[in-house]
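Visitor: Sequences are here, hints too, so could you generate the full structure?
Per my numbering, the very first residue in the sequence shown carries number 2; after that it's consecutive.
Read the hints as simulated data drawn from the structure, not as lab findings. Among the hints, erroneous ones may be present.
With a straight-line cut-off of 30 Å between C-alpha atoms, the simulated DSS-like cross-links for lysine-lysine are [as the list claims (entries may be wrong)]:
| no. | residue 1 | residue 2 |
| --- | --- | --- |
| 1 | Lys84 | Lys117 |
| 2 | Lys151 | Lys419 |
| 3 | Lys101 | Lys60 |
| 4 | Lys117 | Lys101 |
| 5 | Lys60 | Lys84 |
| 6 | Lys101 | Lys90 |
| 7 | Lys519 | Lys307 |
| 8 | Lys117 | Lys418 |
| 9 | Lys151 | Lys571 |
| 10 | Lys307 | Lys472 |
| 11 | Lys90 | Lys451 |
| 12 | Lys451 | Lys117 |
| 13 | Lys90 | Lys472 |
| 14 | Lys117 | Lys90 |
| 15 | Lys60 | Lys76 |
| 16 | Lys101 | Lys451 |
| 17 | Lys101 | Lys84 |
| 18 | Lys451 | Lys418 |
| 19 | Lys76 | Lys90 |
| 20 | Lys76 | Lys419 |
| 21 | Lys418 | Lys76 |
| 22 | Lys451 | Lys419 |
| 23 | Lys307 | Lys451 |
| 24 | Lys519 | Lys571 |
| 25 | Lys84 | Lys472 |
Have a look at the derived ranges for each label pair, beta carbon to beta carbon [to be verified]:
| no. | residue 1 | residue 2 | range |
| --- | --- | --- | --- |
| 26 | Tyr240 | Ala525 | 50 to 58 Å |
| 27 | Gln70 | Glu230 | 17 to 25 Å |
| 28 | Ser467 | Gly414 | 28 to 36 Å |
| 29 | Gly405 | Ser329 | 36 to 44 Å |
| 30 | Asp284 | Pro186 | 41 to 49 Å |
| 31 | Ala330 | Gly456 | 17 to 25 Å |
Cβ coordinates follow ideal geometry from the N, Cα and C atoms, glycine included.
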Amino acid sequence: MPHHRRPAAGVPLVSRRAADYDAIVIGSGITGGWAAKELTEHGLRTLVLEAGGPIDPAKDFVEHVQPWQLHFRGKGDRRTMEKEQFIQKNCYACDEWSGKFFVNDNDNPYTFDADKPFHWIRGRQVGGRSIMWGRQVYRWSDLDFEANAKDGHGVDWPIRYADIAPWYSYVERFIGVSGERLGLPQLPDGEFLKPMDLNCAERMVRDGVTRRFGGERVVTIGRCAILTENHGGRAACHYCGTCERGCITRSYFNSIGVTLPAAQATGRLTLRPFSVVHSLSFDPATRRVSGVNVIDARTRQTMEFKARVIFLCASALESTRILLNSRSAEFPDGLANSSGEVGRNLMDHVMGAGASGTLAGMEDHESYGNRPNGTYTPRFRNVTTRHPDFLRGYAFQGGGWRGGFGADSPGFGREFKKRLREHGPWGFQFYGFGECLPRPTNYVALDPVKVDAWGIPALHINCAWSDNEQKLLQDMSVTAAEMLEAAGATGIRPFVDHNPPGLTIHEMGTARMGRDAKTSVLNAHNQAWDAANLFCTDGACMASSANQNPSITYMALTARAVDYAVDQMKRNAL
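Guide: Below, the structure is given as structure tokens:
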């Protein structure tokens, strides 16, 4: 159990002659940072390999830089972005401030068929995408862990909520999560700091939804990994609101400001940036990963690192690419792939449908600051009553806002300047995020021709929404409009945005956990069936997607897997 965990000085470790390190972690983002923290605190000398360069928060975090301080005044060098970040620019956060946190698409290519676009949004630097993630954190419930077994899609999860609940609590207490307790079985409560406040428009919508739908549909403040009070030596958020540009006060969770410093404090961490992992070596005699093959990103020098245990935390598709590139006589289709499931069952959340509207009666109300959070409406479809048209469900993120000052409107003189000081009306929007069913027809494989800037075979991604996901989108637009109507909104505008897979940036699956080595890649502890010293705890391990933002589940699975790995090392089973 997590609350009994202590640094384990008594773990028998392999000498440096047999292994360079006790543990190697591939990736330094959300899961890599957690693996590093847990391994080092358990007493293991740990090497973290990061493909990108280091980050200096004092220089690279620019959340307080104003548009007039930038060369292109916040509009960005659009010509260069079209040439070098033609995929990354589809993410709202890839702009003149934060574009440096996103990869160069020419150096990091992948392919897809023209009729099946996939927007793979990536960050390669120490901290990975934990620098610019959305920070929304929601626990799963047994409604999610049991779904595959009940409706026959994918394979049954090898764990249930009771297995991961204490690890959710362990993670939440450390990172700091603000939120409101609701007592909903489909969205378990966590260890929360005080919630952020709803504004007047959000309270109006919440109350209207409650009156119309009772407890079936709920509007609450989002649960987010942003501090509302000082916590663990980190300062409470001051509501500048541009979290994707970094946070010098460490008020939101990222690995640079939270988990990696904790690992560094043990004196057992070695962090090696510019280390592009090509593949893993496998020893058929010991049935263990025997080495991690690395290309130095700057010098192109190749090298191998060895350790007793390996944690693959490079992000879902990068981890799977490493496995697919780790071919041998025993595993011609990629390491840990005796099941043939490596690369299969790719998922992302289907997003982009909902409704917006205008709310009257609060013209004398204003909002102050830039709250880095919105509202959340937990799943209400297929919770207690089965919907006749589709499986699983969706949730809404959203929020209320006061209309702008009309700076783009035409005019001149005194009346024009007066209009610039006048607020517009209050509005509200529901924006849906739905579950994607696991299907083997959504997959990644090595492209037969394309390689990246370091000569490593790139991925070909084949992924498309099914009829079930399309029906979720349509229902989102209907139910969002219903809730706005219940709140008394006018000018209600339902919408369905047909975003391609990948753009939600919740890609997962492709090396799933399961109960049977014949149908899954990893066991109940994120341990590869085919190589006992290999663990994968990023999004690749997911057997289904639920509809909640997945990062808190990745973190909890990582801490749980490290605890298991260290116990196995104590028993000399690893």
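Visitor: Look at each hint and say if it fits the structure.
Guide: Now for the hints, and whether the structure bears them out:
{"no.": "1", "hint": "Lys84 with Lys117", "verdict": "holds, 22 Å"}
{"no.": "2", "hint": "Lys151 with Lys419", "verdict": "violated, 61 Å"}
{"no.": "3", "hint": "Lys101 with Lys60", "verdict": "holds, 12 Å"}
{"no.": "4", "hint": "Lys117 with Lys101", "verdict": "holds, 27 Å"}
{"no.": "5", "hint": "Lys60 with Lys84", "verdict": "holds, 26 Å"}
{"no.": "6", "hint": "Lys101 with Lys90", "verdict": "holds, 11 Å"}
{"no.": "7", "hint": "Lys519 with Lys307", "verdict": "holds, 28 Å"}
{"no.": "8", "hint": "Lys117 with Lys418", "verdict": "violated, 48 Å"}
{"no.": "9", "hint": "Lys151 with Lys571", "verdict": "violated, 37 Å"}
{"no.": "10", "hint": "Lys307 with Lys472", "verdict": "violated, 48 Å"}
{"no.": "11", "hint": "Lys90 with Lys451", "verdict": "holds, 22 Å"}
{"no.": "12", "hint": "Lys451 with Lys117", "verdict": "holds, 18 Å"}
{"no.": "13", "hint": "Lys90 with Lys472", "verdict": "holds, 28 Å"}
{"no.": "14", "hint": "Lys117 with Lys90", "verdict": "holds, 18 Å"}
{"no.": "15", "hint": "Lys60 with Lys76", "verdict": "holds, 21 Å"}
{"no.": "16", "hint": "Lys101 with Lys451", "verdict": "holds, 24 Å"}
{"no.": "17", "hint": "Lys101 with Lys84", "verdict": "holds, 14 Å"}
{"no.": "18", "hint": "Lys451 with Lys418", "verdict": "violated, 55 Å"}
{"no.": "19", "hint": "Lys76 with Lys90", "verdict": "holds, 12 Å"}
{"no.": "20", "hint": "Lys76 with Lys419", "verdict": "holds, 27 Å"}
{"no.": "21", "hint": "Lys418 with Lys76", "verdict": "holds, 24 Å"}
{"no.": "22", "hint": "Lys451 with Lys419", "verdict": "violated, 57 Å"}
{"no.": "23", "hint": "Lys307 with Lys451", "verdict": "holds, 29 Å"}
{"no.": "24", "hint": "Lys519 with Lys571", "verdict": "holds, 28 Å"}
{"no.": "25", "hint": "Lys84 with Lys472", "verdict": "violated, 36 Å"}
{"no.": "26", "hint": "Tyr240 with Ala525: 50 to 58 Å", "verdict": "violated, 41 Å"}
{"no.": "27", "hint": "Gln70 with Glu230: 17 to 25 Å", "verdict": "violated, 31 Å"}
{"no.": "28", "hint": "Ser467 with Gly414: 28 to 36 Å", "verdict": "violated, 57 Å"}
{"no.": "29", "hint": "Gly405 with Ser329: 36 to 44 Å", "verdict": "violated, 59 Å"}
{"no.": "30", "hint": "Asp284 with Pro186: 41 to 49 Å", "verdict": "holds, 46 Å"}
{"no.": "31", "hint": "Ala330 with Gly456: 17 to 25 Å", "verdict": "holds, 22 Å"}
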